[in-house]
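Let the sequences and hints guide you as you build the complete structure.
From first to last, the protein sequence lines are chains S and R. Each residue of the first sequence is one higher than the one before, counting from 1 in the numbering used here. Each residue of the second sequence is one higher than the one before, counting from 1001 in the numbering used here.
The set of hints was computed from the structure by calculation and includes no laboratory data. Mixed in with the good hints, there may be bad ones.
To be verified - Derived EDC-like pairs (lysine to aspartate or glutamate); straight-line CA-CA distance at most 20 Å:
id	chain 1	residue 1	chain 2	residue 2
1	R	Lys-1589	S	Asp-17
2	R	Lys-1591	S	Asp-17
3	R	Lys-1590	R	Asp-1658
4	S	Lys-30	S	Asp-185
What the hints assert, rightly or not - Derived Cβ-Cβ restraints for the label pairs, each shown as a range:
id	chain 1	residue 1	chain 2	residue 2	range
5	R	Lys-1685	S	Gly-67	36 to 46 Å
6	S	Lys-323	R	Arg-1413	48 to 58 Å
7	S	Arg-165	R	Lys-1590	26 to 36 Å
8	S	Asn-270	R	Glu-1655	48 to 58 Å
9	R	Lys-1685	S	Ala-132	12 to 22 Å
10	R	Lys-1685	S	Met-115	27 to 37 Å
11	S	Arg-165	R	Ile-1485	37 to 47 Å
12	R	Lys-1590	S	Asp-226	44 to 54 Å
To be verified - Covered stretches of chain S, going by a simulated chain R footprint (3 or more residues, C-beta under 8 Å):
id	region
13	47 to 61
14	71 to 83
15	102 to 113
16	149 to 160
Using N, Cα and C, we set each Cβ at its ideal position, and we do this for glycine too.
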Amino acid sequence: MPRIPSIRLEGLSKRFDDIVAADDISLEVKDGEYIVILGPTGAGKTTLLKMIAGLTPPDSGKIFVDGKRVDNLPPEDRGMVYLSQTYALFRHMTVWDNTKFGPTVKDWDESKCDMLAREMLNLVRLYDRRTARPDELSGGMKQRNALARALATDVKILLLDEPLRALDARLRIELRYELARLTSDLGITALHVTHDQEIAMTMADRVAVLRKGRIEQLGRPEEIYDNPARPFICHFVGEANFFEGTVHSVSEDHSELEGEGHVLRARPTNLPRGSEACVGIKTENVRLLDGVVEGQNHIPAKVVRKLFLGRLVSIVIETDDGKMLHVKTPSSTGVGFSNGMEVTAHLEPSKCIIFPIPEKGLKEELEVE
Amino acid sequence: MNLGRRALNFVSGRSVSKAWYAFIILFFLLIVLLPTLYVMSYAFTGWDDIQTQVFGNKKTTNLYWEKNNDPDFARYEVHFSTTSGFAPNSSTLVLTIDTKGGDVSLEKARSSAFTMVSGIPAGDRYYARIRVVDSSGLWTDSNQLSDNMDAQYTSPEPVELLSLWVQGDIVTLNWTVSEDDDFSSYEVYASNDSQFVPGSATLVDTIAIPTNHSTAVTVALDEVHYFRVRVVEDSGLWTDSNLEGIGVNMPDPADGSSPAPMVLTRSFSREVLSQVTGALTLSFVVAIIATLIDLVVGLPIAWVLVRKEFRGKSYVNTLIDMPLAIPTAAMGFSAALFWGITPGIDKPWGAISFTNSAFVLLLLLQIVFSFPYMVRSLAAILEEIDINYEVAARACGASRLTAARTVTLPLFRSGIVTGAILCLAKTLSETGGVMAALSTIQSREYNATALIGTMKSASLFNDALVPALAFVSIVLIVLSIILLIIVKLIVTKVKLPMRKVWTNLEKKLSKGAFPKLKDAGAFFFLTFVVLVPAFFIFGFVATAEPSQTADWGAFWSSLGLSFAIAGVVTTIVLLLGIPMGILIARSRKKKAAGVLDVLVNIPFIVPTAALGFSLGLFWTTQPFLPVTADVFLIVMAHVAFTYPFVVRNVVGALESLDTTYEDTARTLGAKPLQVFRRVMFPMMKASVLAGAIMTFTRSLGETGATLAVSPKAITAPVYIVELIRSGSFYQAGLASILLIMVSFIIVLVMRRLTTRGGA
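So this is what it looks like as structure tokens:
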């Protein structure tokens, strides 16, 4: 059976005075899909979510749910629940009453309300704490309570506004799985906004990268990671080094960029020869070689800083003409390097992505507000 | 789908909620704001009246006399003449104080033993007598007083003709002894006509010795005889007693006795303008000085309350808040007994009784009233200032005083602004306490609000006072607003010498006995300047001589009226203030909301007496809605000045309440009304209840607005003021204590309910 789109956005736009929060956003979310909207702070993520939920009226554009237009409906009639990063558990109610809130205000049968609340609290393993008040719960429990409350309304669409942000790292990972499991078990369509690329990579069926109110790229996590649409995404999802220059040559299986004293081989491009371009390579794709080793895409440099991260080592090297390159390498290979050592950076051509120079320059492009 | 849910859908609908908000704003503008400022329109339309009245060469005369307790009491007549020793008649009558055809209760008319008469040419000297008339038309005159208090124009106090006794054709008269210094003689007058005016034709006996207060007169048989006894002074001035009649050889006449004589105690006059400017000056000077003193003394107390832990701290906190809950009329009376020299009674046990200056008394009084506002505002801000700033400054080597002065104080400005504005607004607005205190020491001076209260009472019997009243109200409103703006500018703009550091001096002052002395001084002030005078009344009643039985029925009915009004006012203010608060805090149109926010606070800084006058003027002059029922007017006035309490509290609570709660509740399926009832309201309940308590107690204790709207309705504080005015101190004391206890119990109960509900 072909899946019909669960949510469809058509040309949503919103301005706050001189800030563009949403710029002609169109998006289709399939039934049961988990979409992560990834973007830096101030990209308009929360505004987008609130427009969909009906909490902020858009300036223009349409919103459809299951093919029905909903943007003129009040929030309570749109069939979706908004889950905020502060959980917004009602502090004057117990865990039980919080969970029962949705069914109760919808005026459902009392026994059905109780049944739903019990079921959802069991699902998030909070039934034993049902008489507690929110301020007696730990961060993770609050998060699970908020989730149970949302699920008890029996809606099929969840709008998640950085729900894992306030949790510590280990709990975040745990709840990540729990959230993914619950939504897929219950067949829920989820729209999850976050600035955390790790969440995007691990949880999403598809990722939409949002910047300055625009969706810059939409695709599976691997696509976003491996084939970023523009330098910003390349740099924001993971971290990247960039070289500017002009296209030196193009061929079927590769291209070459000349600039900053090097000729770098990169992936193929359809940019014409001589046009301005840049090449980006993620820090973990730079390989360090001991000493000076001549070769294609080899750049001699000196180690200036080394930072032990545990599993990885982050190394900053300085090329002969003073350019700093960031390298992440597994600890097993990285421990051998120390400050002042002469090394060679090998930039694997198949990992070097070539982009046209962005309109406002590379520096502005890479800025994360 | 059931009916309830359908109704909910309907009410939550967009167009309905828009109409509802439009109603809320309209209500505020038309019912609260417009009436509050309506008196300003007088400045345009009635300016000529005001000018001739206030600036013209006219004077007002204030007259006070002893309340008459005759069971048959019908009216007072105020008589004026330019000749000393005049006998009142229809041509000397200028004013009648009666029930106005039933508009005013008889009790109210009886206790209006005071009047102002305006429009008298300033150059002339006037002499006044008050005549009390009973229901059968018999009358008794008071002594004569002049608006010049010289003894030579003051006639002796009247004696009371006590009894007549017949034996054959001889009638024996008995009267009270005259204590006049210039006593010359008693003259006994007799006539067959109960309406006779004593004169040479009716003189039957003359007695030159003051202690001979009895005589026997031979009269004709088978007739009714009426007698009066006149006290004559050396200067020739005289005062007649009451009239007594008796039948000789026939039954006694039905209307045999006129009311007991009373004494015109004070009379003075001033040009209207000087009275008005004097009152305004007194108000503003007292307000400014009291605020400065509050600031200086309030700072250390707030500091101690926030930064130090000590045993009994919670008691100190409660004690400081107490004056907020207690009706000021009761407190003003209490403090006036403590500080002031009270004519007519012995110095109460334990009282200081050192001043009869209105200025000094008002200053002390206003400090009592306004002190809690200052301490609370300062403490609230101090609570929010992180102590780490001070710790850091001290770690850098600053002494404790230097650290506090240079680091914490500058962070403190908003607290000082709030405190100063609250204190000024409170002191400028206070009426009940001031009137109670000024009446207690029988002051001849008024501040602006007491002048409004007094003039309004008097204007009930004398329309000519209205332009002067409008003038005082307009000036008071305008000046208050200007003053508050200036305060805000001064405190936020003027720089204190924060940079300069007097290391050694401040180090010395930070050590040893000085800080302790400062704390002790502040607490001494709190105890003996604020608390003891405020509660002195308990001691007074316990030690004073109990007087004749009080009219408790009148007190209880006044208390009932006060409660009913406070209850209705609180309900209205809650119903209409909460939506307004939500509108201001949650509106998407930030600028419009900001304007509304400022407008809502206007009734708060307009002195309530001026507000009440303005409001009364508004409602009684509207052709489309000629509502003049007093209780309605009072409720409207109280709604106007308490409205900001609830709105402010709701706005404050909502501003600290994240909108995500509402957003989440909406997406969980709740209609706007459900969101309000189940989520917003429970979360801001404590603030709303605090606002409700404030509204209730303020309405219960309000005198100024009540009097200025309608001098006819007797609420509990007005009743107390009137008891004091008519000199019934003991009853006033008992009534004050009852009012204090009742308000206190209410606050305690409400606070208990609040904390339980909020837990």
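Here is what the structure says about each hint:
Of the pairs offered as hints, the one joining Lys-1589/R and Asp-17/S holds, with about 12 Å between alpha carbons and a cut-off of 20 Å not exceeded. Our distance criterion of 20 Å between C-alpha atoms is met by Lys-1591/R and Asp-17/S, whose separation comes to about 13 Å. Between Lys-1590/R and Asp-1658/R the CA atoms are separated by roughly 17 Å; this keeps the pair inside 20 Å, and the hint holds. Proximity of Lys-30/S to Asp-185/S is assessed by CA-CA distance (about 16 Å); at most 20 Å being required, the pair is judged to hold.
Between Lys-1685/R and Gly-67/S the CB atoms are about 43 Å apart, so this pair conforms to the stated range of 36 to 46 Å. The hinted window of 48 to 58 Å between Lys-323/S and Arg-1413/R holds, with their beta carbons roughly 51 Å apart. Restraint check, Arg-165/S to Lys-1590/R: a C-beta distance of roughly 27 Å satisfies the suggested window 26 to 36 Å. For the pair Asn-270/S and Glu-1655/R, the beta carbons lie near 55 Å from each other, so the given range of 48 to 58 Å is met.
Distance hint check for Lys-1685/R and Ala-132/S: the Cβ-Cβ separation is about 21 Å, which falls inside the suggested range of 12 to 22 Å. In this structure the hint that Lys-1685/R and Met-115/S lie 27 to 37 Å apart at CB holds, the actual value being about 30 Å. Between Arg-165/S and Ile-1485/R the beta carbons are some 44 Å apart, a value that agrees with the proposed interval 37 to 47 Å. In this structure the supplied range 44 to 54 Å holds for Lys-1590/R paired with Asp-226/S, their Cβ-Cβ distance being about 45 Å.
Chain R is given as covering the region 47 to 61 of chain S, and this holds because 4 residues of the stretch bring a CB closer than 8 Å to a CB of that chain, at least three being needed. Three residues within the 8 Å Cβ limit are the bar, and the region 71 to 83 of chain S against chain R gives 8, so the coverage statement holds. Counting residues of the region 102 to 113 of chain S whose CB lies closer than 8 Å to any CB of chain R gives 4, so the stated coverage by that chain holds, three being the minimum. Only residues whose C-beta sits within less than 8 Å of a C-beta in chain R count toward coverage, and the region 149 to 160 of chain S has 4 of them, enough to reach three; the restraint holds.
Comparing the model with each earlier hint shows no violations; every hint is respected.
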